[in-house]
Structure formats: C-alpha cells, structure tokens
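Trainee: Given next are the chains, with one letter for each unit.
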Amino acid sequence: MSKKVAFLQGNEAAAQGALYAGCNFFGGYPITPSTEVAEVMSVELPKIGGKFIQMEDEIGAMAVILGAALAGSKVLTSTSGPGLSLKQELIGYGCIAEIPCVIYNVMRGGPSTGMPTGPSQSDVMCAKWGTHGDHPAICLTPASVQETYEEVIRAFNLSEKYRTPVMVMPDEIVAHMRERIVFPEKGEIEVVPRKAPTVEPAQYKPYDTSYGDVPPLASFGSGYRFHVTGLNKMQDGFPTTKAEVVQAEEERQVRKVDANIDDIVTFEEYLLDDAEVVVVAYGSTSRSARYAVNAAREQGIKAGMFRIKTFWPFPDKQIKALATKTKGFIIPEMNLGMCALELERCVQGKAPVLGIFRVDGEPINPDQIVEKIKEVK
Amino acid sequence: MEKTLPKIEIIEKYCKGCHICVEFCPKDCLEMKGFYASVKNLEACIKCMQCELRCPDFAIKVITE
Amino acid sequence: MAFDYDKWIRPGKLPHIWCPGCGHGIVMKGLIRAMETLKLEKNDTAIVSGIGCASRLPGYIDCCTLHTAHGRAAAFATGVKMAKPEMNVILVGGDGDGTAIGGNHFIHACRRNIDMTYIIMNNYIYGMTGGQFSPCTPTGHKASTTPYGNPDPGFDIAKLAIGAGATFVARGTAFHANQIDKLIVEAIQHKGFSVVEILDDCPTTYGRRNKYKSVIEMMNRLKEVAVPVKAAEKMTAEQLQGKVLTGVLYKEENKPEYTSEYAKVIERASAAK
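Chains as they are written, first to last, in my numbering: chain A, 1 to 377; chain B, 1 to 65; chain C, 1 to 273.
FYI, nobody ran anything at the bench for these hints, they're computed from the structure. Note that the structure is a prediction, hence the values are computed from the model and not measured. Among the clues, some could well be false.
[Claimed, not checked] The list that follows gives simulated cross-link-like pairs (lysine-lysine, PhoX-like), each with its CA atoms no further than 25 Å apart:
no., chain 1, residue 1, chain 2, residue 2
1, B, K3, B, K13
2, C, K13, A, K205
3, B, K61, C, K223
4, A, K186, C, K273
5, A, K161, A, K205
6, C, K255, C, K159
7, A, K350, A, K302
8, B, K61, C, K42
9, C, K251, C, K159
10, A, K195, C, K42
11, C, K273, A, K47
12, C, K13, B, K13
13, B, K47, C, K182
14, C, K191, C, K223
15, A, K325, A, K309
16, C, K7, B, K7
17, B, K61, C, K13
18, C, K182, C, K251
19, B, K27, B, K47
20, C, K182, C, K213
21, B, K47, C, K7
22, C, K42, C, K273
23, C, K251, B, K61
24, B, K33, C, K230
Based on the sequences and whatever the hints tell you, model everything.
Mentor: This is how it looks when you write it as structure tokens:
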C-alpha cells in the first residue's frame, strides 16, 4: 500500500504532526506568520473530540494550554517573535512546574513587531534565555516541511519524556513554503505517552524523585489531588524556601535535559568525512548551505555541512570534535550572529568562525556562502 | 425547656489575637486573655455562631448538640 | 456538633500565612462551607489562583489546586475547564491580581460565560508586596505608592463583570460571614461564569495607612457600608450615598455557556467529517 502524500505548507504540516502525536488541545492567538497552525487545529481538533480555543492574548494562550495539560491533555500553542516574548513568563512556569507542552514559534524579523512577513532566525537565543531563571531548554529547528511534521511529533515526545516545555522553531521560509510530504502510517513513528503515576492517590507526589529525574505526572480530575505552583517547590508540590531543597530541585530540572543530551540532540552530517571547511547551518539557511557545499566541492574545495536539527541543547560535543580537524567554520544565519556565539564557545579558538549574518528579510543565498567558504585558508 | 450550653473551643495554636470574635460577640461571651481569645461567659452564649464564622484563623469551634 | 473545616483542609497546613484580622481566612471558610453544602467531589474540583495573599488560598484546600502566575488564574482555569468540563472550577484571588495584571483574562472569562466561579477578595490594595495601590484603591486613599493620596479612579468589580458578560454577579463582605457561603453556593450552582466579590480588609498594609486604628474599625466599616440589594430598593439616592450593595446583583439564565457551546462545535465538526 502506498503512503499518503500531500503538498503542504510548513505550518500545515506542523498541525498535522501535532495530531499524529496525539495533541488534543490547542490554545492560541492570531499572529503572522504562524496563524495557519491555529486555523488547521480549529478545523481538525473538534472532529476528534479535541479542543481548540482562541485566547484573548498570547499569555492567555500559554496559560490555557498549561491548564489543559494539567487536566491531562496533550497541548500545543503556536506563535511568532512578539508572541514568544509575551509567552516567556509562562514558559518559565511550565519549566518549574514541569508541565509537558509544545510551543511552535515561527521566526520572523524582530525585535518588537519587526518584519512580520519576513524570515528570520533571531529567536533562537530567546528559546533558551527568554524566560528568567535557570531552566531546561529544548528547541528544534526543522529545515523542511517533512521535517517540521516529524519534529513536531518529536517535540511532543520529548515534552512528555522529560516533562518540560519543548519549542519547535522553523523560520518563516520553512513555515510558509510548500513541499511534498509523505505521511507516516499510524504506529510508524513512536508516540510517547505521559508517564502516569503507579502509586495510590494518597501516596502520590507530583515531584517524587524516587522515580528518577522525571517524576510521573497525574492529571486533575483523574482521582489524584495535588498542588501545583510556580514557586520553588518540594517533592509534594508545596512551596519551600529551604535552601537545600531549592538547590536540589533546580538542579534536577536542568539535569533532566543536561544528562540526556545524547538522547535529545539530533543533527545531520553532510560530506563531513574529509571536510576542511564546515558550514554550520540550521533551518532554511541549511538548504542554501547544502547547495553551497556542493558548489564548493565542484570547485575543488573540501567543504561539508553540519546541520543543527536540535538547537537546544546545543550540539557541543559534535562541534568540539569537528573543531580539532577543521580549517574553518562558516555560520550563515538570519540574525546578527546568535548561533555564531555558541559556535565560538564550542570551537574555543581552535579554528576561525566566519559569519554571514542577514537581518534584511531576505534569505541567505548559496553564492554568499560559497564566497565565504573561499575565504578560509 | 432547659437551655443547653455549647462548648466553645479556642485553638490557641491557630489564634492570631485579632479580637474580631471578642468585639462582635453580641452577648459579650468572649474576652482576650493575654494574646489569645478566651471564653468569659459561656452562660450568655446564644449559639449564634458569629465568632466561629468570623474567625479568620480557624481557631474557634462552637460545638453544639 | 461543629462544622468540620478540617475535612477540607490539607493536614498540617494551618495556621495559614495571612495576617491577624485579614479577612481572607473568613472567605476561605465560606468557600469550604459552600463546597460542603454542595457536596463537591474533591477529586473533581479544581481551585485555581494567581499571585498575591488571596492567591495562597488553594494551597490549604484538599482539592486539585493550581497556584499560577500573577493575573493568569482565569486563563489557566479556562484550560482546565475546557479539557475537563465535568470538573468544578473555582478561581480565587485578590483585586490587584484579578483586575490589573489579570484584567484581560478576567473580562474574557466573563465574556465567554464559561462555567466557573471566581471569588475576588477585594481589599483595595496589593498586600503581599507591601501595600501599593490597586485598581480598586479608592481615589484619595493612601498606599505605599500613593503617599499624597491616590489620583486614580477605581474599578467597580461587579459592574466590570456584568459589563463584560458574566451571568452571575454577587457581592458580600468579610464581616457578613454567614452570607459568604450562601453567595458562593448560588454562584457555583449557576451554569455560566459567576463572580463573587467579597469586600475584605487588609489591616496591615491598607488599614494603617488610611487611619483605621484596628481590624475592628475596618470590620465596622464593612458593616456600615453594606446594604442588601432588597433594602436598597426602598432607599433614596441620598441614603445610598457612600453605600455598597450586597447580595446577588445580577443573574442572567439565558446566555449560552461556553463549554456547552464548544460541545456543539464538536458535534458539528464530527458530523461534517
């Protein structure tokens, strides 16, 4: 039997991926260029008994999904730059209260209203540093419509597995371009269910670390009664200011991701075996980079690409390994050097890091990257 | 009919000494004794329950038959 | 026999954090009596709050409790209710939390007429942060940030709720303790968004700045200003000067409730599939 195929926009694929992952609740607020996700969810969710709600603002949209997640739903919201800024308050809440949720953010020009219809990659730092306080961060940056579909599924899986908010951040090009997509069969891609408690309600603690760093999460209305707060909390969910408890809990929350980097981080290595020049790219920019690497090879330059699929946690280990055998790194990105900073941190001066930074709303074209590759001596 | 008296229990570990129960008892049954509320005249109690209802601190129980 | 509040209080959580004479405890007792009267199932009851003194209330009650971020209670609660419409969802919080930072979520919960009950403890001040003026601080009054008297006009929470589309709006006071549970019972029974404003007192940060010598004076003020709606019908405008109406102020039975309306959306979408 041949698989179902379609010609879809990135945003539409994101919504379809969410449905495949079992998403049954969407809360959102209209914002360009991500609104199509909300539109598709408003059509599809009620068909399967799911819930769609358009909230009064971006913060409300984040709040409503967190509330629904605590009542047992698998939840999604979609937004873009200015909305991501507004959502930061409650992304932090999701982190400290450890509530699985997926935030799909389409990167457009910024800061502020910026260029709502122009592509950008300038929200990647906001994904990690946007909300205050120490917290885990997972952020996926797909480069195609197919990958957007699959990464949204993976985002749901990671959010359930690690009980934390997960962001999927395509740039506007990926979100709005149309490509062929092949849908997986039911069961072909694993869908991770929420880890439910195994103890009796009376024994249940929402942050019980005897189950490891990711405690099971019960849901409201399922026979389990518990307390959830945005304050630093104890294992039973009630607030505390006890120094050793706060320290241990904060460390555990971050460790959920830090100790599982190999499980979370994904990347693509393209012609890296003999590469002397490595283009590090993510999102739609990686499509230009692939073209540029091929063009450089045709001109006799041993170029390759390291494509970041998981932006956070950053692929430190892989970049560090490449830094010891590479003459130079090229980092094309649609911002003024955000990934470049991370790259420099990992390369530790062992090779030059040359940036191509565009914030004019135009994509980085392959010729620009080829020219930069030639600068590496 | 003989009047039955309630039992008024003051839970000192909850009482914050706000005086509300003492001031608004219509029959002047209660008083402050040091920091805490205390029963002064149980005989006068008409079981109106206002002291229990208005105690913000869950510190008074009026136990009736 | 005495009323058994302990049945609803989480073991070991009392005494609560509220200051001596603060009315929040009186309201919490009213809520507990209402839940007992209605025989609410603890497992199916969510109590949701924002930030502030009043928002600490859920932590004491043995239900599904959610202490959210400042102002966001109504939006979180909407998520709980939408996901599980069969749950009883009760919101609690203060005037600053509900009408300033949470004002948008508040009016839109009213507009949707989603079947939840919102108990707002209005003590005219931000208590937890030390007594800054709120949207409910009367004009001319003192707060830590209105040392020369408050230049802002205040909100009338009940009128705001009615104007925004809530279908049950009531007002009580912390002094009139035996009325609180009755208002909350009626509010919870009402199918739609219900708002119960309880005029409250903050002796620590509001009273002392505004020449109230004691909690008792503050309670007496609540006693004096409150006029039941029935009694007010027979009073002149002059007599009602400076008074505040209490009781059920507004009730509308015919406006569709949000989760029921969304259930119809599901029906229509399933039929079109």
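Trainee: Determine for every hint whether it applies to the structure shown.
Mentor: These are the hints, each one checked on the structure:
1. B:K3 / B:K13: Not OK: B:K3 and B:K13 at ~31 Å, beyond 25 Å, violated.
2. C:K13 / A:K205: Within the cut-off at roughly 16 Å; holds.
3. B:K61 / C:K223: holds, 23 Å
4. A:K186 / C:K273: OK: A:K186 and C:K273 at ~19 Å, within 25 Å.
5. A:K161 / A:K205: This hinted pair holds, its Cα atoms lying about 18 Å apart.
6. C:K255 / C:K159: holds, 17 Å
7. A:K350 / A:K302: Cα-Cα ~19 Å, so holds.
8. B:K61 / C:K42: Holds - the C-alpha atoms of C:K42 and B:K61 are around 23 Å apart, at most 25 Å.
9. C:K251 / C:K159: Holds, at roughly 13 Å.
10. A:K195 / C:K42: holds, 23 Å
11. C:K273 / A:K47: holds, 6 Å
12. C:K13 / B:K13: holds, 12 Å
13. B:K47 / C:K182: Between B:K47 and C:K182 the Cα gap is close to 19 Å, so the pair holds against 25 Å.
14. C:K191 / C:K223: The hint is violated at about 30 Å.
15. A:K325 / A:K309: Judged against 25 Å, a Cα distance of about 22 Å means the pair holds.
16. C:K7 / B:K7: OK: C:K7 and B:K7 at ~20 Å, within 25 Å.
17. B:K61 / C:K13: holds, 18 Å
18. C:K182 / C:K251: Within the cut-off at roughly 15 Å; holds.
19. B:K27 / B:K47: Within the cut-off at roughly 10 Å; holds.
20. C:K182 / C:K213: violated, 31 Å
21. B:K47 / C:K7: OK: B:K47 and C:K7 at ~22 Å, within 25 Å.
22. C:K42 / C:K273: violated, 37 Å
23. C:K251 / B:K61: Not satisfied, since the Cα-Cα distance of roughly 35 Å exceeds 25 Å.
24. B:K33 / C:K230: violated, 40 Å
Violated hints for the displayed structure, listed by number in ascending order: 1, 14, 20, 22, 23 and 24.
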